[in-house]
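Relying on the hints, combine the two individually framed chains into one complex.
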Amino acid sequence: MKRYSSFAIVREAFRNHSGWKKAWESPIPKRKYDVVIVGAGGHGLATAYYLGKNHGITNVAVLEKGWLGGGNTGRNTTIIRSNYLQDPSAAIYEKSRSLYENLSQDLNYNLMFSPRGVMMLAQTEHEVRGYKRTAMANALQGVSTEYINPEKVKDLCPIINLSGPRYPVLGALWQARGGTARHDAVAWGYARKCSDMGMHILQQKEVTSIISKNGKIGGVTTTDGDILCDKLCIVVAGHSGALAEMGGFRLPLESVALQALVSEPIKPVMDVVVMANTVHGYMSQSDKGEMVIGGGADGYNNYTQRGSFHHIEETVRSLVETFPMISRLKMLRQWGGIVDMTGDRSPIISKTPLENCFINCGWGTGGFKAIPGSGWATAEMVATGEAGPLASPFSLNRFKEGRFIDESVAAGVAH
Amino acid sequence: MLLLNCPYCKLSCEETEFQAGGQAHLKRQSVGSSDQEFESYLFARKNPKGVHFERWQHVNGCGKWFHIARSTVTLEIFGSYSAQTLSPPKQIRVNINKKLPEWRWENSK
Numbered sequence: 001m002k003r004y005s006s007f008a009i010v011r012e013a014f015r016n017h018s019g020w021k022k023a024w025e026s027p028i029p030k031r032k033y034d035v036v037i038v039g040a041g042g043h044g045l046a047t048a049y050y051l052g053k054n055h056g057i058t059n060v061a062v063l064e065k066g067w068l069g070g071g072n073t074g075r076n077t078t079i080i081r082s083n084y085l086q087d088p089s090a091a092i093y094e095k096s097r098s099l100y101e102n103l104s105q106d107l108n109y110n111l112m113f114s115p116r117g118v119m120m121l122a123q124t125e126h127e128v129r130g131y132k133r134t135a136m137a138n139a140l141q142g143v144s145t146e147y148i149n150p151e152k153v154k155d156l157c158p159i160i161n162l163s164g165p166r167y168p169v170l171g172a173l174w175q176a177r178g179g180t181a182r183h184d185a186v187a188w189g190y191a192r193k194c195s196d197m198g199m200h201i202l203q204q205k206e207v208t209s210i211i212s213k214n215g216k217i218g219g220v221t222t223t224d225g226d227i228l229c230d231k232l233c234i235v236v237a238g239h240s241g242a243l244a245e246m247g248g249f250r251l252p253l254e255s256v257a258l259q260a261l262v263s264e265p266i267k268p269v270m271d272v273v274v275m276a277n278t279v280h281g282y283m284s285q286s287d288k289g290e291m292v293i294g295g296g297a298d299g300y301n302n303y304t305q306r307g308s309f310h311h312i313e314e315t316v317r318s319l320v321e322t323f324p325m326i327s328r329l330k331m332l333r334q335w336g337g338i339v340d341m342t343g344d345r346s347p348i349i350s351k352t353p354l355e356n357c358f359i360n361c362g363w364g365t366g367g368f369k370a371i372p373g374s375g376w377a378t379a380e381m382v383a384t385g386e387a388g389p390l391a392s393p394f395s396l397n398r399f400k401e402g403r404f405i406d407e408s409v410a411a412g413v414a415h
Numbered sequence: 416m417l418l419l420n421c422p423y424c425k426l427s428c429e430e431t432e433f434q435a436g437g438q439a440h441l442k443r444q445s446v447g448s449s450d451q452e453f454e455s456y457l458f459a460r461k462n463p464k465g466v467h468f469e470r471w472q473h474v475n476g477c478g479k480w481f482h483i484a485r486s487t488v489t490l491e492i493f494g495s496y497s498a499q500t501l502s503p504p505k506q507i508r509v510n511i512n513k514k515l516p517e518w519r520w521e522n523s524k
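Just so you know, the sequences run in chain order A and B.
Here our numbering is used: position 305 in the first sequence is 305, and no number is missing along the way.
Here our numbering is used: position 24 in the second sequence is 439, and no number is missing along the way.
Simulated from the structure, these hints should not be mistaken for lab results.
Treat the hints loosely; a few may be bogus.
[As the list claims (entries may be wrong)] On the chain A side, residues computed to face chain B include the following (Cβ under 10 angstroms):
id	residue
1	A242
2	L251
3	E401
[Unchecked claim] Covered stretches of chain A, as calculated for chain B (at least 3 residues, CB under 8 angstroms):
id	region
4	252-264
5	307-313
The beta carbon of each residue, even a glycine, is placed where N, CA and C say it ideally should be.
Isolated chain B (complex conformation) (with noise of 0.2 angstroms):
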């Protein structure tokens, strides 16, 4: 069961009370991208086996959308924070350093 932090209700709250979104961070394509843009916006998904950032809608609680970091080997989650972001904040990045010295942000497509 996983824990999430609601970063507008400030609240630790289980699993249930939330519903997974998908990847976070993806640019939206619109008239005039190409095909093969839309294909990886609608499609392509980084699904890696590490540190995800997602989408996650507190469905039980405020109903707002907002974004997490979270390992998908460890489940272990780096913290959560607004969706109104292009990139995660320094903060999560400094969290997931801590534990891994090695990874680095790179821009999803």
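Just chain A, with the same shape it has in the complex (with noise of 0.2 angstroms):
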């Protein structure tokens, strides 16, 4: 692999760019791997890039039925912070930001990290005692967030309008090493690491079967025949009950759609995340100048990638409130994508009823955020076959011992 830097710019700008190498191999694929990952997101290419990395496992195959970062990755809002209430999420949520800070030199690949600040606004008085209970349970686990006050808020992004038709923005949690990344090279710099390790990323190779025997993993049949695997990890976000249902067992997951939506380009207007729990909606200004907006899930089961339109409607209206000068904007597109919801609203980073099998799945609304800390959780798992202190709160016994991680009061809405 060819390193990207500005050396290399020069040097391709001297050779019309005849020398850019493909940025990942698209091989034969082998009859058995050590591990078989479902799914080439960015999930389960960090995955399997940690795999590499931290556990020298390289003979890997990632199957994808679409193209690589085409689910999830490619569809969420790129906000990234760690201010969660549980101590099992701040742990791995706050991995995952800490890893994102020099993935970029990492990977040897520009992912756009942006740590400009997430701001979540308080606007009822729940909202206020509960983000300043966030705020010192974050100073406990070592994240670091504040509760601000009106003035700092609008200090920070001056086109809030604090005094809002229905809801007055009361104070602010606020984290400053937060913010925004690109999504799509989150999966194209993993990919192409892992390309470079020797493994095998395997696109329009859908999974219709898992392959097993005696309560073990053997392997999984594709679209394009059957591939045999030592150790399986399903990482497919809202695909993860129909992989369950192949390996026989039940997920407690449920699929819905969330939409986002971005703007025609402006010229920057705010340069922090500003997310509205009470009034659904949050929003960020893209290095394009786009605004980049999301909100609500849909409350019903649905595999479509679209989403309601009411939901959007609700979406825009409150980010009108929140900021009257988008009031005129024209929005560009909009796009939904599936994610799994669990009870709790936390991830399950499991073992499965299946011996050798492993699931990464169930981080519904806020999946994009934690990539690099899921990925290095799974990997420890799958390559020990025991979770490691960051996954094992997280596993699929929690629903039947009651041992919840109850995020869904603490994140709100925009999860």
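Okay, structure coming up:
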């Protein structure tokens, strides 16, 4: 693999850019791998990368039914933060956020990580209390956040209307080291490194069944034939239920559509990420100038990657209340992704009833920020066969044991 | 935007009048049930990519709960029916089989 560098750009400029290589190979599949990962989204590729980097396992295939990073990795609003209430969540999300800080250098791929700060507005008395509590919990967890007053909010983001027609801004939870990153680049950067380590990234290979014998994993059947493996890791977000059914177990998940939209590009108006959870909307400005907007998820099971129009309407309405200056903005694109929601709104990183079959799912509406940490923890589990300290609280057993990691209240809509 | 029929009001209304309540026909567990049964009742969901039976409430109307059968892939609704049933009525199953001849009702745990 040729390194990307400013020298490489100069070198290629002198030879008509003829020397750039493919970022990753499209190899002929082998018959058998040590580890097969289903799903080449951010989490799947990150798992593969840390399997190679941290555990030296490189005989790995990553199977993808569509194209690389074409699911929720390419559909989210790219927010990175770790201001969670519960200790296990704060641990894995903070691990993830800290990995993002020098992931561009680690992967030699510009992820455009921008720690511009994330602000979660408190617009009711309940939220004020909730966020003050979170700020204190974060202080104990070693996550740097603070509760700020409305003047500071206005100072950081002048386009906010503090007096709000329905919900005035009473304060905010501020994480200065949160921010955004280029979501596609995260998938591409990991894929390039994985390919460089000799792993096989196999696109357009849909898994149609799981091969198992005596409760032990044997491999998978794909649309292009069987691929055998010693260990299988399922990382398919919204479609986890379908894969689990092939494996003969059920998951505490429901798949719903979550939508996002972007506006036409405008000059810079805000340099922070603002989330307004009471009125269901969040917004940031991309480097191209588009306002990137997300809202609430649909209330019913859905696999269409579209979502309901009235949710878009509610999101835009609430954002116009919070940011009156965007009321004349035209929206360019709207899309939906299928997110897998658990009962406690926390993910599942776990062994499954099938031996040597692992699963990473349930990230719901907040998976992008967790990609490096999730991959790190999942790789550890796959390599050693046991969940490590980051992953073990997120096991499937927690639903049977009533040991929830309840983030549904703490994180609100924009989880 | 889904258009739902409330079997009580006999009206076809937009989905904003309703609230989704998750998977229908769950068997309620109570005193004497095992941990496994409780876990299954409280958390395990079919989450099918296909026909889904689900509870809805006509929250901005009569306020009553009812069931519908809906495809989670095409969003087509195969009909709504009373919540006071243990399995979907014959008419609903016929409607589904008209579109999906392979489909069969299997009782969800």
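So, going through the hints one by one against the coordinates:
1. Evaluation of the A242 (chain A) hint against chain B yields a held restraint, the C-beta minimum of about 5 angstroms falling below 10 angstroms.
2. Residue-level restraint check for L251 (chain A) holds (minimum Cβ-Cβ distance to chain B is 7 angstroms; threshold 10 angstroms).
3. A distance limit of 10 angstroms between C-beta atoms decides the matter here; for E401 (chain A) the minimum to chain B is near 8 angstroms, and the interface restraint holds.
4. For the region 252-264 of chain A, the stated coverage by chain B is satisfied: 4 residues place a CB nearer than 8 angstroms to a CB of that chain, which reaches the threshold of 3.
5. Against chain B, the region 307-313 of chain A contributes 3 residues with a C-beta closer than 8 angstroms to a partner C-beta. That satisfies the three-residue criterion, and the hint holds.
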